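Student: Heads up: the sequence lines are chains A and B, in that order.
Read left to right, the first sequence gives residues 1 to 449 (the numbering used here).
Read left to right, the second sequence gives residues 1 to 74 (the numbering used here).
If you are wondering where the hints come from, they were derived from the structure by calculation, not from laboratory data.
Certain hints may be false.
[Stated by the list, open to error] Under the rule of at most 30 Å between Cα atoms (straight-line distance), these lysine-lysine pairs were calculated in the DSSO-like manner:
(1) A:K50 - B:K35
(2) A:K394 - B:K35
(3) A:K225 - B:K35
(4) A:K428 - B:K35
(5) A:K76 - A:K428
(6) B:K35 - A:K240
(7) A:K176 - A:K76
(8) A:K176 - A:K240
[To be verified] Quick partial rundown of chain A residues pointing at chain B, CB under 8 Å, derived from the structure:
(9) S66
(10) T217
(11) N247
(12) S251
(13) M311
(14) V314
(15) Y351
(16) G444
(17) E448
For clarity, every value in this text was computed on a predicted model and none was experimentally measured.
Built from N, CA and C at the ideal position, the CB exists for glycine as well.
Single-letter residue listing:
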Amino acid sequence: MQLITITDFSGVTSARKSNGFKQELTFATAALLGLSVAAPSVAEEPGPWKIETAGLVYSESDSRVSAFEPVVSAKKEFGEDRVFNAKLVLDSLTGATPTGALSSDNVQTFTRPSGQGSYTIQPDELPIDDTFKDTRVAFSAGWLQPLTSTLKGGVGVNVSAEHDFRSLGLNGNLSKDFNQRNTTLNLGLGFESDTINPEGGVPVAFAEMQPANSTPTRQAEDDDKTVVDTLIGITQVVNKRTLMQFNYSVSQADGYLTDPYKILSVIDDATGLLVSSTGVNRYTNLYENRPDKRTKQSVYWRTKYRFDRDMFDVSYRYLWDDWDIRSHTIDTRYQWRFAPNQYLEPHFRYYQQSEAEFYRPALLNSDVTNNTLPEFASADLRLADFSAITFGAKYAHRMASGSEWHLRLEWYQQSGESSPDGLVGAAKDQDVFPTLSSVIFQAGYAFEW
Amino acid sequence: MVKKYAAFLFALATCFSLVACATHVEPWEKGLLAKPDMALDANHIDEALDDHIYFSKEASSGGRSFGGGGCGCN
């Protein structure tokens, strides 16, 4: 028994087992000619299950978010390049996440999202909600098969659920080979329907956070959104060692795009001090409000270069949207095969984004009292101006059995403006964007079954 | 209008120039390109896990491909 692996250039690897020299010769010839030829005697014989498992631990500094994410993926070829794949991911999250409120010189008391109970933040500490705890289950499956000798089609489904969020997605894609398989045109379409059922209900836009155990100002129990993704791309064999990919994609989201747990502090126009509210150590905090539509567009370029043993992979993405966010992402990996069955892969990623047009570190009290609040406002740090770097490395070892295990360790760090525009007086002295550092550790094992 | 589609037109132009500049590679010259590590989805597990982290920490997502399921984290 010998395994011959044929990789086409739309990224799909197929494997077949052959029993004799004649079959080997048939496959070798097909591979050399770049043709999708199925050998009659083995076309009905499915390949083995290719199982990949991994567990990822993500841990932020200052006891913020921690996540554990096990994943198992299975892929099987059913002959004639027909491939089934499925993936199951669990995502267990605990810790604390920034609420959007400003830190201050005073102790601050906030109500929990459920409206039941409260928590206290010490002076000069970034307000974070420590009740963040969730488990997410996500499942996806897909089927890919040739439609003609140069056209492939695929369909997929994905579902995910967590205690306050459910998502259902469907997608389809076509890839057409040209130019003796040196050029592949890819077209993809995805549809996603999400329902959010926040703890304590969906807050009314700019409603004030009420004291604990009083009736919160809510507009509904739940809300939803839809996302339509379109992607058109080209994959090109540039030379014997270089593969290049270029994508243009559009993602249109429609519906409830606000984060129901995020709030904004209200500060005095002159002093910049937090505006007091009813209760001990309580200040005025309003729930955020975002537009109900967002269109993101991106261009993505990727090049993979194969040395005799090593491999270099670099990509760049420019993304822009109608919320005025612009971002640049550069991602590079170098696979150093220092031994025939082992490699070390250093990884570096740089990310930079500009803020959303409605990002506000805080709201001014005059806008609240005069009823001149902006139509949309959010103090979510993920919508702020910041940059991030990731660096680390992966080590992988292929064993004699053909199985492979790997370890990956990376650091991720976000840095933003500590005192962005929109703050006055005392609020300018607070660090709005403390540097976020996190560690990513992953272990994985892949085998055939 | 021109500005709105400038990036797209630039992308399209780059695509055409990319195809035009590529040398023709015969099927029997694709030995290195056929290595498993040259597949575009060779690292799909790592990429999916990373995408989930970045999706929940940054305002950008997608571009490379799509699918994988939504998340309430944004």
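Student: Measuring from the C-beta of N247 (chain A) to each C-beta in chain B, is the shortest one below 8 Å?
Tutor: 6 Å, holds
Student: For the hint on V314 (chain A), does the least C-beta distance to chain B fall short of 8 Å?
Tutor: Because about 13 Å separates V314 (chain A) from the closest Cβ in chain B, which is outside the 8 Å limit, the hint is violated.
Student: Hint validation: E448 (chain A) versus chain B, beta carbon distance must be below 8 Å. Holds or violated?
Tutor: 13 Å, violated
Student: So, as I understand it, the hint says G444 (chain A) touches chain B; can you test that by seeing if any CB pair is closer than 8 Å?
Tutor: Given a least distance of 6 Å, the restraint on G444 (chain A) holds.
Student: Hint validation: M311 (chain A) versus chain B, beta carbon distance must be below 8 Å. Holds or violated?
Tutor: 5 Å, holds
Student: Hey, K176 (chain A) versus K240 (chain A), does the alpha-carbon distance stay inside 30 Å?
Tutor: Status holds; Cα separation ~21 Å.
Student: Is K176 (chain A) close enough to K76 (chain A), meaning Cα to Cα at most 30 Å?
Tutor: 22 Å, holds
Student: Min Cβ distance, S251 (chain A) to chain B: is it shorter than 8 Å?
Tutor: 6 Å, holds
Student: So, S66 (chain A) near chain B? Judge it on the closest CB pair being under 8 Å.
Tutor: 12 Å, violated
Student: Against the 30 Å threshold, does the CA-CA distance of K225 (chain A) and K35 (chain B) hold or violate the hint?
Tutor: Distance of about 41 Å is beyond 30 Å: violated.
Student: Holds or violated: is the Cβ of T217 (chain A) closer than 8 Å to a Cβ in chain B?
Tutor: 21 Å, violated
Student: Holds or violated: K50 (chain A) and K35 (chain B), Cα atoms, limit 30 Å.
Tutor: 17 Å, holds
The earlier numbered hints that this structure contradicts are 3, 4, 5, 9, 10, 14 and 17.
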